[in-house]
Each structure stands twice: as C-alpha cells, then as structure tokens.
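**Student:** The listed protein sequences correspond, in order, to chains C and X. Just so you know, we're using our numbering here: the first sequence kicks off at 1 and counts up by one. Just so you know, we're using our numbering here: the second sequence kicks off at 1 and counts up by one.
Hint data in this document are derived by calculation from the structure and do not stem from the laboratory. It is possible that some hints are incorrect.
To be verified - Below, a list of computed lysine-lysine pairs in the DSSO-like style, where the Cα atoms sit at most 30 Å apart: (1) Lys303/C - Lys74/X; (2) Lys334/X - Lys368/X; (3) Lys309/C - Lys38/X; (4) Lys382/C - Lys342/X; (5) Lys336/X - Lys168/X; (6) Lys368/X - Lys224/C; (7) Lys368/X - Lys353/X; (8) Lys80/C - Lys396/C; (9) Lys343/C - Lys342/X; (10) Lys368/X - Lys313/X; (11) Lys368/X - Lys382/C; (12) Lys303/C - Lys375/X; (13) Lys309/C - Lys144/X; (14) Lys149/C - Lys396/C; (15) Lys343/C - Lys368/X; (16) Lys66/C - Lys76/C; (17) Lys309/C - Lys368/X; (18) Lys342/X - Lys222/X; (19) Lys222/X - Lys382/C.
Said to hold, decoys possible - Not everything, but these chain X residues come out facing chain C in the computed CB check (under 8 Å): (20) Asp32; (21) Ile55; (22) Thr57; (23) Gly206; (24) Asp207; (25) Leu208; (26) Ala273; (27) Thr278; (28) Pro349; (29) Thr357.
What the hints assert, rightly or not - Selected chain X positions facing chain C (in silico; Cβ < 10 Å): (30) Glu94; (31) Leu269; (32) Lys368.
Note that beta-carbon positions come from the ideal geometry of N, C-alpha and C, so glycine has one too.
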Amino acid sequence: MPLDRRSFFGLAGAATLGAAVGVPATLAATGQFKAFAGGSAVNFYGDHQPGIVTPMQDRLYLASFKVLDVSAEKLKSTLKEMTSAAERMSRGAGAGPIGAVAGQPESPPDDTGEALDLPAARVTFTVGFGESIFDNRFGFASKQPVHFKELPRFAGDEVTPERMGSDLVIQVCADDDQVAFHAIRNLIRISKGTLEPLWLQSGFSGASKAVASPHTPRNLFGFKDGTSNLNVHDSSETSRHLWASDDWMAGGTYLAVRNFRFDIETWDRSALLEQEQVFGRNKGEGAPLSGGTEFTAPDFAAKTATGEKAIAIDSHMALAHPSQHGGAKILRRAYNYSNGADKFGRIDAGLMFLSFQRDLETQFVPIQRALANNDRLNEYIKVIGSGAYACPPGLKPGQYWGYQLFA
Amino acid sequence: MTTPKITLKVVAILATFTTALSLAGCTNPEPDVVVSVKQDATTCELSQTEFGAGIATFAIENVGETTAEFYILKADAEGIVAEVENIGAGLTRELTAELAEGTYIYSCEQMDGGTPIRGELTVTAAKVAATVSPEAQAAIDAYKAFVEDEAATLLAGTTAFADAVKSKEVSAAKALYAPTRVAWERIEPVAESFGDLDPKMDAREGDLDPGVAWTGWHALEKQLWVTGLQADAPALADQLVADTAELVDRIATIELTLSQVSNGAKELLDEVATGKVTGEEERYSHTDLWDFDANVYGALKAVEVSRTILEAKDSQLLAELDATFEALNSELAKHKVGDGFKLYTELSPAEVKALATLVEACSEPLSKMTAALVK
Chain C
1 MPLDRRSFFG
11 LAGAATLGAA
21 VGVPATLAAT
31 GQFKAFAGGS
41 AVNFYGDHQP
51 GIVTPMQDRL
61 YLASFKVLDV
71 SAEKLKSTLK
81 EMTSAAERMS
91 RGAGAGPIGA
101 VAGQPESPPD
111 DTGEALDLPA
121 ARVTFTVGFG
131 ESIFDNRFGF
141 ASKQPVHFKE
151 LPRFAGDEVT
161 PERMGSDLVI
171 QVCADDDQVA
181 FHAIRNLIRI
191 SKGTLEPLWL
201 QSGFSGASKA
211 VASPHTPRNL
221 FGFKDGTSNL
231 NVHDSSETSR
241 HLWASDDWMA
251 GGTYLAVRNF
261 RFDIETWDRS
271 ALLEQEQVFG
281 RNKGEGAPLS
291 GGTEFTAPDF
301 AAKTATGEKA
311 IAIDSHMALA
321 HPSQHGGAKI
331 LRRAYNYSNG
341 ADKFGRIDAG
351 LMFLSFQRDL
361 ETQFVPIQRA
371 LANNDRLNEY
381 IKVIGSGAYA
391 CPPGLKPGQY
401 WGYQLFA
Chain X
1 MTTPKITLKV
11 VAILATFTTA
21 LSLAGCTNPE
31 PDVVVSVKQD
41 ATTCELSQTE
51 FGAGIATFAI
61 ENVGETTAEF
71 YILKADAEGI
81 VAEVENIGAG
91 LTRELTAELA
101 EGTYIYSCEQ
111 MDGGTPIRGE
121 LTVTAAKVAA
131 TVSPEAQAAI
141 DAYKAFVEDE
151 AATLLAGTTA
161 FADAVKSKEV
171 SAAKALYAPT
181 RVAWERIEPV
191 AESFGDLDPK
201 MDAREGDLDP
211 GVAWTGWHAL
221 EKQLWVTGLQ
231 ADAPALADQL
241 VADTAELVDR
251 IATIELTLSQ
261 VSNGAKELLD
271 EVATGKVTGE
281 EERYSHTDLW
291 DFDANVYGAL
301 KAVEVSRTIL
311 EAKDSQLLAE
321 LDATFEALNS
331 ELAKHKVGDG
341 FKLYTELSPA
351 EVKALATLVE
361 ACSEPLSKMT
371 AALVK
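The shape of chain C in the complex, shown without the other chains (with noise of 0.2 Å):
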C-alpha cells in the first residue's frame, strides 16, 4: 500500500504537534485539533482555487513557466499530471500513486521523499495563466477573457524579460517550508518537457502562531503591511472585488504578481520619523498618523500641530488606500523573501507582492499607478518582477488545471 504521509504522519504526530502549542495531547489525540497542529489539509477541490480566501500560510514558493514547444495534447496529458499530484499532495500524500519507497527498485520514486514524515500542512496550490498562453500555440487565442491582459509598465519598473507575465504561475503555500518545496519540485519535476521554470522564488509570511491573536504581519521595512485588507469573511466583499463573473472564469480571479527589492540598507539608515511618514502610519502599531489604533479608520484631513498633514498625501498608505480609488479593494496575499546577498555584499530581500481580483484593469492598476507615479516609498523600492494572471474556479475530482482551455 502506498504511504500515506497523513496516516503515516497520524495520531501520534499530531499529539507530539498538539502538546507543542499547548493543546491539551488527549484532544490533540482524537484529531480534532489537526488543524490548529499545522497538520491539516486543505481541500483541494472547491467552486473556487484553494490558496486565495485561504488563510495565509507561513511560506511560499511561487514559479513563473513557460510552456516549450510541445502540443496541445502531451500540454494536457502533463497539466492532468500535475492536478494528480497536486490533489494527493494536498491530502498529504505522495505526488505518485506509488510513494517514494514503495516502488520498482530499478526505478526512480514518482515521490521525492522529503515530505514524507511531515504533516499535510495546509498545503495549497493555486494556477494561473498569463496573457501569452492565449495565442495560437494551443488554440486558446479564443479563450482570453476579454478584460484580462499583461500589466502595464509602471514607473520606475526595472522588469527584465524573463520576469516579466509568463504562460502560466504555480502558487504553492504551506506552513511548513520543507512541504511547500517539496510540492513545488515535484511539480516541476512532473513538468519537465512540457514545462519551463523561469524564476522560482520562496518567501516567508511574517506571522506567527505562536502570539495569541491574529495579527497583521509585518515587512521587511517593519511596518505591518496589509490592514485595510479584503474581508474574506464577507461575501458581498468576495463578489464585489474578487471573484470574477466572465464566462469560463467565473468564480476565478486575476492575480498580480509585482516583485519588490528592498532597499534594505537605505531604509535601516533612514530616521524612524522619516520611515513613519513614508508609510503614513506608526511603526510600533500600525496606527495612521492621524492617530487611533492599527485599524482606525485615517483621516486624512487630520493636521499635525505645525499645520501640515498628518498623513503626507504621497505616503504610502495615502497613495494605497481604498478610500482613494473610490472604495477598489483587492485581496493583498503578499509574502516576505530573502535571497542572501547580492554581488555589492548587500541584502538581496523585498516582497513578493501578490495580490487577487476581480479585474485588475479597474482595481489594480490604478492603485499601482497612484503608487509608481508618487509613493515615497519608491525611494526605498525596486521593482524587479511583474506579471498578471488569470486564475480559474476551482476543480471538481475529474476535472484538471486548465480544461476550460482545452474545451
């Protein structure tokens, strides 16, 4: 039989997992806590894609494709493979049918192995694809929806090729980093032939289970980033600015995908005054500068006592709020990154910003433009990354990522 990470992983881990967070091991025991243990799946199957609306995830492993010169067909045969091994995954099991040691000898695992003591951990996939898959290569030029394109170039957008919107992207996220690896290699090790990866990038969510209450998390500048977030919880949120509604993609959702590099040496010998207005908001709460709690509401009429704003009009938070792009929200699900140090010994980190939509043309375009043409935070960023991508609903067991092209 093959091995079952999840059974394999079983009651005894998610005891050993439970007394670590302080549940109490006899509950932890009977599996209802999996979920609190890290050690739960997340359906892989749903009217819309796991990864979205999912709570975030510690870690993230994000990869850009391009799809080589194959046909539509051996396309399709790999994209079915690959839903294959991303539905057992999600269970927790193997990215094969067979396991990683329970096969041929004489034959290389259809599982890397790396995962196979670990718990499912909240393991989620997420596909998209870019405005280049809509061309004649496959027959898809058809299926375009009619509002979904390339983001545009913004200011300052210092966007190699090759990290630029590509044919498709794999989100994978899970709160253990040795799982999300493991999926994403195996991923792309199903791929190979059919699919190219042009970038893969890891990054780290900033929160912690270990604080009592949820808690917004912070950048790499130290500011919390993301607290005048979409309400997931609120359907007429999701309907209003996430879930879009044309043809084959309704119940999916746009993606932008914008890689920021840090000035992080720039900004650590910046003043804290200075880093305040930059953002708008304080550093040690959140708060706006206008005064109030983390999510107190900004007024930014407010005037500090010198007569100026509180809140400076090209700070960031001025520049990104909703209330500036006629109440546009979208679904921030950014993730933190590190890549060690860069050829001038300086530190190669930033944010990976992703964030979903309903349409990108009408709510995140011109927030990113507001941002390009005047955040002072640009002294201080880099865009390195940018790219857009349509994410379809969700699957049903039979069903593979991609079909609505192939229909």
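Since the structure of chain C is already known, use the hints to place chain X on it.
**Tutor:** Structure of chain X alone, referenced to chain C:
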C-alpha cells in the same frame, strides 16, 4: 535621479522636526491651529476662539438642513478676511487663513434667510520663532554659499554643453557631459527638493510614467552615446538650460536648516549606494565614477561645514566620519584618470565591491549625524 517628491518631503518633515525640537524648550510650541466648527440654523460652535497668530484651519461641519457659509471678518465686521461658501447640508469643508495678532469676528450663516450667528475670535501674539545658534547659522550659510557656487558652475557648464549639442559637435558634447554634471551631483539633494525640476532634468529612462515625455541629461546622454542626435536634441538642450536657470533662481531663495544639510549628505551617499555603485545612473556613458566622486564631495561638504558643532557635540562620530571618508576617497583616487575617472565598465567586480563596501562604511556614521547635530 531618484523619486523626487520623496526628497522634497523629507526636507519638509525635517524642517518640522527641527522646529518642534527647537521650540520644545518654550511654552506652546504650536503657532498654527485647527479649529473645528459645527453649525446649523441656531448654533455655531467653535472648538476654540483664542489661539496664536499664524496659519489657522477651520473645519466647518454643516449639520443644518440648508447650505451654509462661514466667514472670518475684521473686528469692525466691515471687511471679510476669509470665507467659505456653499457648504452643503451634512458636509464639512475647510477654510485656511493666515491670521495676524488681533481680534476678529466669525460668522456662521445658513442660507435659510435667518440671521448670521457671530462671535469674537482672539488671535494672540505669534510664538517666538525658533532660534538658531551662531554656529549652526554659520554652517548653514557656508553650505548655502557652496550650493549657490555649484549651481552657478552648473549653469555655465550646461550652457556650453547645450551649445555643443545644438551645433551637433558630438565629441565636444560628450567630453563636457560628465564634468558638467559634477556640479549637479554635488548638490543633488537640494536640486531634487524641487520636485518638479528633478524629473525633468535627471530622470533615467523608465523612471517616468509611460505617458510623460523623457527630457534632461539622460535623454541627451542616450542620444550622444547610443542613438546619435535626434531631431528633438536642440529642444532638449534648450529645455535643460532653461530648467537649470530656474534651478539657480530657486536656490537663491531657499531657506535651509542644519538638519536638511546633514540629511542631504546622507541622501547623497544613498544615491551612490543605489545608483552609482551599480552603474545604473550613467547607463550609456558609463561615467558613474564622476557622479560617485561628486556625491561624496557634496556629502563631505556637509560634514565640513558642521565640523565645529560636531567637535563639541560628538567628536567620536566626527573622527569616524573623517576616517571613513578618507578611506573612501583614497579608494576612489585609485580610479582617477587625468582630470576624470575610469569608466564604470572598466572596473572589475572586485573593485566595484570594494567601493560599495566603503560607501556602506561611510553611510553608517553619516546616518547618525543629524541626530548628533540637533541633540
């Protein structure tokens, strides 16, 4: 260039910061005020009716049922000092006025035919202005003189450069390009503080929104080194001279604080770290080391003019600044060729790395200079 508006704001914030700090020893550190006003047909409530002279902002909320107006009148009620009309029912509008010491009358009026509701406003004497120590003033004056000198040099050089461009003397224009920009790079934070001039004069390709025309030094740099002079070259050259003349005019009227001088020095080295060390500033001419040297020169100038104050307030920091600047300058000197420098493309990765490391070493103590000067 970097994003210009930011620099402008940094300057503005630091101005505020300095003022607040300098006044902290006095009472009532705020000469300016926000007064909230709530009015309807029968009431007119002000959050305060007595405050110091300066800029006052009135936030008038019309809780009445008809459109409203709000006036500040002279004490004899004969003349209007400031007014805001057409405040719709339920809306809030702002009125900002500079009020000198004296007595005024405020007047809440609803457009329902009723009588205005009036009261008296007392504006007291303005608070004592921030005092600047003689040492600080001397430092500011010295730095201002330096900026004015460099700006004058820049204008003369830019005019010669523009003439060469207009007469299609490409090699002459190329020879003038880097040496002329030295004056700009030495005073870059001040030049950048004029948010509208910097993007016109120093934007790199791709810095601007795709809808905005690309002008200035780097547009001409690309033509001179890559594409050859285009039809718009004379217009670009004229525009650059006009913008430089405008810069000189504005610099003549600028008022600096010591914090701005010091913070400007930090920004200069940030510029080096993010633009010059990476070879991105002069991507066609590869004359980044000219800019590099000029930025360092400008930063060191801020240290020089502040030397007396730093000696008294933080001599250890001054010693560290001297040592790190000396190390950086001697490394730079290795790449001198005649009156200028090697091209960025002639540097080995190890040489670039060595420069980058020394810039960081210099930037760290420099980032502490503002706090040391104002403490």
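**Student:** Do the alpha carbons of Lys342/X and Lys222/X lie within 30 Å of each other, as the hint requires?
**Tutor:** Roughly 19 Å separates the two Cα atoms, so the pair holds.
**Student:** Take a quick look at whether Lys66/C and Lys76/C sit within 30 Å of each other, Cα to Cα.
**Tutor:** 15 Å, holds
**Student:** Does Asp207/X pass the interface hint, meaning its C-beta sits closer than 8 Å to a C-beta of chain C?
**Tutor:** 6 Å, holds
**Student:** Does Lys396/C lie within 30 Å of Lys149/C when you go C-alpha to C-alpha?
**Tutor:** With Cα atoms ~27 Å apart, Lys149/C and Lys396/C stay inside 30 Å; holds.
**Student:** With a cut-off of 8 Å on the beta carbons, see whether Ala273/X makes it to chain C.
**Tutor:** 6 Å, holds
**Student:** Straight-line Cα separation of Lys80/C and Lys396/C no greater than 30 Å?
**Tutor:** 13 Å, holds
**Student:** Given the hinted pair Lys309/C and Lys144/X, is their Cα-Cα distance within 30 Å?
**Tutor:** Holds, at roughly 28 Å.
**Student:** Does Leu269/X hold up as a contact with chain C if the rule is Cβ-Cβ below 10 Å?
**Tutor:** 9 Å, holds
**Student:** Could you grab the alpha-carbon distance between Lys334/X and Lys368/X and see if it respects the 30 Å cut-off?
**Tutor:** 28 Å, holds
**Student:** Next pair to validate is Lys368/X with Lys382/C; report whether the Cα-Cα distance is within 30 Å.
**Tutor:** Given pair Lys368/X, Lys382/C holds - Cα atoms ~25 Å apart, limit 30 Å.
**Student:** Holds or violated: Lys343/C with Lys342/X, Cα cutoff 30 Å?
**Tutor:** 20 Å, holds
**Student:** So if I understand the rule, the pair passes when the alpha-carbon distance is 30 Å or less; does Lys303/C with Lys375/X pass?
**Tutor:** Holds. Lys303/C to Lys375/X sits at ~26 Å (cutoff 30 Å).
In this structure, none of the earlier numbered hints is contradicted; all agree with it.
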